[in-house]
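With these hints in hand, go ahead and build the complete structure from the sequences.
Residue numbers for the sequence shown follow the working numbering, beginning at 1 and rising by one.
Everything labelled a hint here was simulated from the structure, so no lab data went into it.
For clarity, every value in this text was computed on a predicted model and none was experimentally measured.
You may find that some hints are simply not true.
Derived CB-CB ranges, DEER-like [claimed, not checked]:
no. : residue 1 : residue 2 : range
1   : Asn135    : Gln180    : 12 to 22 Å
2   : Thr38     : Ile4      : 36 to 46 Å
3   : Gly66     : Lys10     : 40 to 50 Å
4   : Lys78     : Ser11     : 19 to 29 Å
Where a beta carbon is used, it is the ideal one built from N, C-alpha and C, also for glycine.
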Amino acid sequence: MPNISIYSGKSDRICYLILPEGLTGESLQWIEENALETGFTTVVITGINWNDDLTPWEAEGVFKKGKPFGGKSEEFLKALTEEIIPETELKLGIRNPKRSLVGISLSGLFTLWAIHRCDAFSSAGIISGSFWYDNLVTWIKANKISTRIEKIYITLGDREKNTKNSRMNCVEVNTNEIVQHIENKGINLEYILFEGTHFSPILPRLKNTFEFLNK
1 MPNISIYSGK SDRICYLILP EGLTGESLQW IEENALETGF TTVVITGINW
51 NDDLTPWEAE GVFKKGKPFG GKSEEFLKAL TEEIIPETEL KLGIRNPKRS
101 LVGISLSGLF TLWAIHRCDA FSSAGIISGS FWYDNLVTWI KANKISTRIE
151 KIYITLGDRE KNTKNSRMNC VEVNTNEIVQ HIENKGINLE YILFEGTHFS
201 PILPRLKNTF EFLNK
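In structure tokens:
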């Protein structure tokens, strides 16, 4: 099972944030302070197999000697919706909250995919989502987003497209195409192109994401 850290608030909103291990320092301190200030309960999920659990289908690795992607999102989504969410909300004593799912990088890819595969969430936040992933745009256009989704917040660094990796440098083009596709469905979506690189700096992006989702 993944590692679960709960930062309790007092509202009927709860956010499930799938956080990269490298961001658990200053990000967790901010998340704790935000939960206390806004009442927005946040459940931080770490300790998962990043390349396998967050990818919707198998794909080759993107870096030289890099591990391939295992495509086990279905298994992780089942664990999230059938184990992690019910157990967490039972522990918190929360019934039928408004849930948000927030992801960063590959967990942003998972977030986009998950809101097309289940009805557990009413909003989503995606920071530097790995929208370069093979065949993603085609899949998104061929599948329907959950009718429960009320709003989505997406951010990207303006220098992410400058990577020399030929598979990843389409990320901004793909993000724009996905954003346009979702907006055409009439969903409340905000897309911000931040000055910076891949999810860096992270704190301004987290702050903007949570402010939008907590409106």
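For each hint, the structure was consulted:
1. At roughly 18 Å, the beta carbons of Asn135 and Gln180 sit within the given window of 12 to 22 Å.
2. Roughly 20 Å separates the CB atoms of Thr38 and Ile4, a value that falls outside the hinted 36 to 46 Å.
3. Hint check: Gly66 to Lys10, Cβ distance near 43 Å, so the stated range 40 to 50 Å holds.
4. Taking 19 to 29 Å as the suggested C-beta distance range, the pair Lys78 and Ser11 conforms, at roughly 27 Å.
Checked against the numbered hints listed earlier, the structure breaks hint 2 alone; every other hint is satisfied.
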